[in-house]
Amino acid sequence: MIRYVITRIIWIFIIMFTILSLNFTLLKLAPDYAPTTEEERTIYYEKQVRDGYMSFRLITDEAEMEDIRTKNAQGTRLKNAYYEDKGDMIRAYEPIAISKQYFSWLKNLLKWDWGLSTRIEVGKPAFTVLSSRMETTLVLNLIALVFYIPIGLALGIIAALNKDKPIDNFISIAVMVMISVPSFVVMILLVMIFGYRLEWVPTIFPAKDAETLIRLRGLILPVLALSFGAIASLSRLTRAELTEVMTSEFLLLARTKGLTRRQAVIRHAMRNSMVPLVPSIIFSFVGLLSGSVIIEMIYSIPGTGQVYLRALTRNAYDYNVLLSATAFYTVLTLFAILLVDLTYGIIDPRIRMGGR
Amino acid sequence: MQKNDDLKQKNISADQFEFVQKDEKLYDQELEGRPIGYFEDVWIRFRKNRTNLTASIILLILIVSSIIMPFISGKEYNRIDEKIAFLPPRVPVLEKFGIFDGIVSHEEMPVDLNTYDEATGLYYPMGYNQKAIIEGTLTNSTIPSNEKSPSVLNGQALMVLDYDSNTMTIQSTEFFTLSKANNGILELDVYEMDTASNGKLEVMLQTDFGGEYKVLATIEEPGKHAINVFDLNPDLYADVVSTLRLRYTADAGRSSVAISSISVLESGSETPVFENQGFSLSEYKIVDGKGSYQRQNAEMIVATFEYNKYLAAFDLTREIAFSSAEYDQLIEEAGGNVKKIPNPDNPEGWFFEEGFPIREVIRKNDTVKVDGKEYSSYEVMLDYKTYLGYENLPYFLFGTTSAGRDLFSLVWVGLRTSLLIGLIVTAINVSVGVVYGAISGFYGGVVDILMERFSEIMGRIPWLVVLSIMVVLFDPGIKTLILTLIINGWIGTAGVTRMQFYRYKGREYVLASKTMGAKDGRLIFRHILPNGIGTIITASILSIPGVIFTESALSFLGYGIGHGQSFNFFGLTFSGVSIGVLLSDGRNFLLNYPHLVIFPALIVSILMITFNMFGNALRDAFNPSLRGVE
Numbered sequence: 001m002i003r004y005v006i007t008r009i010i011w012i013f014i015i016m017f018t019i020l021s022l023n024f025t026l027l028k029l030a031p032d033y034a035p036t037t038e039e040e041r042t043i044y045y046e047k048q049v050r051d052g053y054m055s056f057r058l059i060t061d062e063a064e065m066e067d068i069r070t071k072n073a074q075g076t077r078l079k080n081a082y083y084e085d086k087g088d089m090i091r092a093y094e095p096i097a098i099s100k101q102y103f104s105w106l107k108n109l110l111k112w113d114w115g116l117s118t119r120i121e122v123g124k125p126a127f128t129v130l131s132s133r134m135e136t137t138l139v140l141n142l143i144a145l146v147f148y149i150p151i152g153l154a155l156g157i158i159a160a161l162n163k164d165k166p167i168d169n170f171i172s173i174a175v176m177v178m179i180s181v182p183s184f185v186v187m188i189l190l191v192m193i194f195g196y197r198l199e200w201v202p203t204i205f206p207a208k209d210a211e212t213l214i215r216l217r218g219l220i221l222p223v224l225a226l227s228f229g230a231i232a233s234l235s236r237l238t239r240a241e242l243t244e245v246m247t248s249e250f251l252l253l254a255r256t257k258g259l260t261r262r263q264a265v266i267r268h269a270m271r272n273s274m275v276p277l278v279p280s281i282i283f284s285f286v287g288l289l290s291g292s293v294i295i296e297m298i299y300s301i302p303g304t305g306q307v308y309l310r311a312l313t314r315n316a317y318d319y320n321v322l323l324s325a326t327a328f329y330t331v332l333t334l335f336a337i338l339l340v341d342l343t344y345g346i347i348d349p350r351i352r353m354g355g356r
Numbered sequence: 001m002q003k004n005d006d007l008k009q010k011n012i013s014a015d016q017f018e019f020v021q022k023d024e025k026l027y028d029q030e031l032e033g034r035p036i037g038y039f040e041d042v043w044i045r046f047r048k049n050r051t052n053l054t055a056s057i058i059l060l061i062l063i064v065s066s067i068i069m070p071f072i073s074g075k076e077y078n079r080i081d082e083k084i085a086f087l088p089p090r091v092p093v094l095e096k097f098g099i100f101d102g103i104v105s106h107e108e109m110p111v112d113l114n115t116y117d118e119a120t121g122l123y124y125p126m127g128y129n130q131k132a133i134i135e136g137t138l139t140n141s142t143i144p145s146n147e148k149s150p151s152v153l154n155g156q157a158l159m160v161l162d163y164d165s166n167t168m169t170i171q172s173t174e175f176f177t178l179s180k181a182n183n184g185i186l187e188l189d190v191y192e193m194d195t196a197s198n199g200k201l202e203v204m205l206q207t208d209f210g211g212e213y214k215v216l217a218t219i220e221e222p223g224k225h226a227i228n229v230f231d232l233n234p235d236l237y238a239d240v241v242s243t244l245r246l247r248y249t250a251d252a253g254r255s256s257v258a259i260s261s262i263s264v265l266e267s268g269s270e271t272p273v274f275e276n277q278g279f280s281l282s283e284y285k286i287v288d289g290k291g292s293y294q295r296q297n298a299e300m301i302v303a304t305f306e307y308n309k310y311l312a313a314f315d316l317t318r319e320i321a322f323s324s325a326e327y328d329q330l331i332e333e334a335g336g337n338v339k340k341i342p343n344p345d346n347p348e349g350w351f352f353e354e355g356f357p358i359r360e361v362i363r364k365n366d367t368v369k370v371d372g373k374e375y376s377s378y379e380v381m382l383d384y385k386t387y388l389g390y391e392n393l394p395y396f397l398f399g400t401t402s403a404g405r406d407l408f409s410l411v412w413v414g415l416r417t418s419l420l421i422g423l424i425v426t427a428i429n430v431s432v433g434v435v436y437g438a439i440s441g442f443y444g445g446v447v448d449i450l451m452e453r454f455s456e457i458m459g460r461i462p463w464l465v466v467l468s469i470m471v472v473l474f475d476p477g478i479k480t481l482i483l484t485l486i487i488n489g490w491i492g493t494a495g496v497t498r499m500q501f502y503r504y505k506g507r508e509y510v511l512a513s514k515t516m517g518a519k520d521g522r523l524i525f526r527h528i529l530p531n532g533i534g535t536i537i538t539a540s541i542l543s544i545p546g547v548i549f550t551e552s553a554l555s556f557l558g559y560g561i562g563h564g565q566s567f568n569f570f571g572l573t574f575s576g577v578s579i580g581v582l583l584s585d586g587r588n589f590l591l592n593y594p595h596l597v598i599f600p601a602l603i604v605s606i607l608m609i610t611f612n613m614f615g616n617a618l619r620d621a622f623n624p625s626l627r628g629v630e
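Chains A and B supply the protein sequences, listed in that same order. Each residue of the first sequence is one higher than the last, beginning at 1 in the UniProt record's numbering. Each residue of the second sequence is one higher than the last, beginning at 1 in the UniProt record's numbering.
For the record, the hints were derived by calculation from the structure and aren't laboratory data. This one's a predicted model, so the numbers in the text were calculated from it and none came from an experiment. Each statement offered as a hint is correct.
Within a straight-line C-alpha distance of at most 30 angstroms, the following computed DSS-like cross-link-like pairs (lysine-lysine) qualify:
#, chain 1, residue 1, chain 2, residue 2
1, B, Lys48, A, Lys163
2, B, Lys479, A, Lys79
3, A, Lys28, A, Lys124
Simulated restraints, written as ranges between beta carbons of each label pair:
#, chain 1, residue 1, chain 2, residue 2, range
4, B, Ile63, A, Val275, 40 to 46 angstroms
5, B, Leu60, A, Gly52, 55 to 61 angstroms
6, A, Glu38, B, Glu212, 52 to 58 angstroms
7, B, Ile63, A, Gly75, 43 to 49 angstroms
8, A, Ala207, B, Ser105, 30 to 36 angstroms
All C-beta atoms, glycine included, are put in the ideal place defined by N, C-alpha and C.
All chains should be built: construct the whole structure from the sequences, respecting the hints.
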């Protein structure tokens with residue numbers, strides 16, 4: 001078991017490292033978007049030099065200065081380079097080779113330096129920009145998780161116990177609808193009906209300093225929209241697992257030895273069918289999290305998803321924030337996957353023994 | 001009944017039995033009926049499930065509609081026309097029942113005070129076509145409002161001092177003329193005054209034209225106050241023409257005075273010759289001191305009515321700059337049948353006969369010369385219905401968008417784009433996945449382990465990471481969208497294919513073929529792949545809705561296709577409209593124009609539901625053992 005756990009952890013770390021490195025390298029290939037004002041720009045480039053992403057030199061040679069000026073005017077200068085023309089000299093900030101930048105980046109990461117935000121909150125450390133919003137997103141997703149699990153389980157159990165009866169058919173249709181309708185469509189419709197028409201809930205997410213009651217009401221719609229699909233997949237899975245167990249021989253045995261149907265179902269069927277659900281419930285958190293990006297945008301929720309989308313505004317990309325945000329989502333996703341793998345290992349000895 | 005039968009069968013006497021085929025010889029008989037092939041079997045199982053069959057038929061209808069509906073709707077859905085924007089849905093037949101009839105109800109809209117209707121005693125709303133208001137639905141009411149707007153009537157003007165202030169002065173915008181000959185008297189109606197704080201209102205005028213403002217009277221209590229200027233200042237020798245200033249002073253801050261009206265009376269006239277009240281009074285400007293000047297107790301007349309937006313949109317509309325090129329073209333199209341009718345009231349313009357899109361030319365605008373070419377335009381009244389080529393009021397089944405495009409056509413066009421992207425992406429994913437999975441599964445060993453590790457890493461990349469890389473490197477657009485969808489879209493198919501290969505590659509017939517010298521390619525494509533094809537097909541079909549879902553989500557976020565984009569596919573041009581784009585557009589008008597969201601949402605939901613059901617039906621048919629799982 002220990003060997004299994006260790007190999008899984010190492011493997012997950014390898015994946016994480018690969019994804020983050022890939023992300024960094026590819027983003028570095030794209031055109032740079034420095035802050036817009038002169039002052040902020042100077043600070044930004046100084047920091048780039050200090051962090052080891054750019055080299056700095058003073059150009060005083062007339063011929064070279066002239067050359068750079070013409071290149072600047074023609075737009076053929078070195079990609080992502082920045083030349084500050086001071087008249088009698090040029091302060092040149094030039095990017096160094098990406099491979100070297102990569103190692104600088106790793107060094108900075110060890111110091112937990114994710115760079116500065118360039119567009120969203122200029123000059124603020126990128127990770128601070130993100131971490132101030134993590135709470136909202138995590139709270140929202142955890143509430144959705146707590147909300148959807150009992151409903152999903154209950155629907156699945158009801159459907160399985162009443163297999164092929166009208167109620168089962170009804171739940172099946174409902175599940176099909178819930179699983180098919182995209183969550184952002186659900187969210188828009190919910191906002192339209194309950195926000196604008198009936199005015200039961202706020203039409204955008206209430207601010208932090210709003211009353212508690214209003215803030216609670218503001219949670220209703222996003223939680224509903226997030227859990228819509230999750231409820232459907234959980235109840236479908238529960239139904240499938242439970243119906244399989246219901247036809248198994250040990251359940252027949254339990255009935256034969258004199259247990260009532262209720263006792264047999266609760267003691268034997270439920271317990272056995274619940275075990276395979278645990279990994280899928282853990283993994284559903286990843287689905288909720290990535291689904292919440294679009295919900296946050298629709299409902300103006302100040303969470304990490306919104307920061308991510310703002311950092312990805314066309315022609316105003318904020319790479320450092322983008323990197324931190326994607327790292328945040330990657331780490332959470334991989335952590336959930338690790339948990340799933342480990343629970344599978346605990347549940348199913350065959351996987352563990354395989355020692356993958 | 002059952003019991004009776006059982007009893008009967010128990011008591012059958014021996015002589016009732018007889019031998020069957022006693023005198024016949026039994027031979028092998030030819031099989032009756034035909035053998036059923038794999039796909040036939042699948043089809044039979046597919047047909048059995050009624051619900052899924054219905055869903056599949058609906059899906060088919062959707063797909064066919066997406067192809068033909070834009071053509072048969074007969075609307076120019078690419079034309080941007082603000083005049084017919086935001087029309088509500090209008091559907092034949094249903095409109096007779098009062099739903100989807102293109103009529104919207106407006107509540108409490110400000111009225112235009114110049115449009116008093118003598119017959120009904122009602123004012124018409126401002127900015128609405130009177131002809132399009134459904135007869136009998138117009139009602140007027142008053143609502144309290146303190147807005148400084150001409151449509152807000154009555155009430156008083158309120159001068160309030162700031163906390164730290166004890167004086168303020170306001171000045172009229174118009175000149176007051178007090179005639180000496182007619183003994184002009186200034187009358188102030190003070191409604192309320194804060195006498196507790198010794199409030200005083202001083203009335204000031206320039207008795208010499210352009211000179212100093214002189215205090216004429218001081219008012220210390222509410223009520224009507226007549227100020228006889230010429231009695232107070234007997235030495236005034238001429239008429240007084242001046243703006244009026246009112247200075248309010250008090251001991252304490254927040255002290256206030258409310259004035260109902262200021263008027264000028266003349267002897268020999270019962271009614272005031274000049275009066276400032278309501279809006280005109282509220283327009284006075286603060287010229288000195290600190291305080292605020294507001295209205296109170298004022299009211300606005302508002303209209304509530306049902307409005308036929310179609311009538312309004314397709315009525316005569318004034319076009320200020322109608323290009324002469326289009327004008328000439330219209331004249332040319334009509335041939336010689338159109339006659340100019342001179343307008344006796346307007347020598348610059350002329351009328352056209354009914355039936356011609358242009359009903360009246362008001363005037364010809366100035367000609368502009370650019371690069372030696374002359375450009376001119378007309379100011380015209382257009383018969384918008386005829387101009388757009390409709391004989392009767394058109395039916396926009398789903399209404400029109402904010403750009404005046406037919407939503408019904410757009411939804412189908414968008415659906416077509418979404419479906420096509422779904423198909424392209426799935427085709428790429430399946431091709432890549434099948435090849436990858438086949439190689440990985442067939443060769444096994446180290447190759448398999450390495451390929452599995454690679455696909456695991458690819459599959460673990462969150463879509464947010466993929467999206468950010470693609471958008472940053474290639475800019476949003478159709479190519480980015482497709483790339484984003486295929487970066488880790490092929491992994492599912494690869495996994496399924498690999499499983500199938502593991503299942504079949506050890507079978508005896510494969511071994512036999514190998515012994516006979518078959519190459520790997522033959523083994524893979526002739527012997528193993530066909531066995532797993534059913535599973536692979538269902539996995540692919542089931543992945544299409546997922547692709548469409550992601551596509552619409554990305555387009556909704558603005559990273560996919562968008563307006564103004566189009567792409568070519570085998571010579572067919574597809575517009576940049578997809579369901580996600582329509583939803584994203586409609587999201588801005590949730591409050592007032594919910595139809596812009598409801599219809600695309602409805603269609604995409606039906607598409608996803610039926611597509612999933614179709615996929616499930618297909619899976620059940622191909623693989624009966626998997627029935628009911630997921």
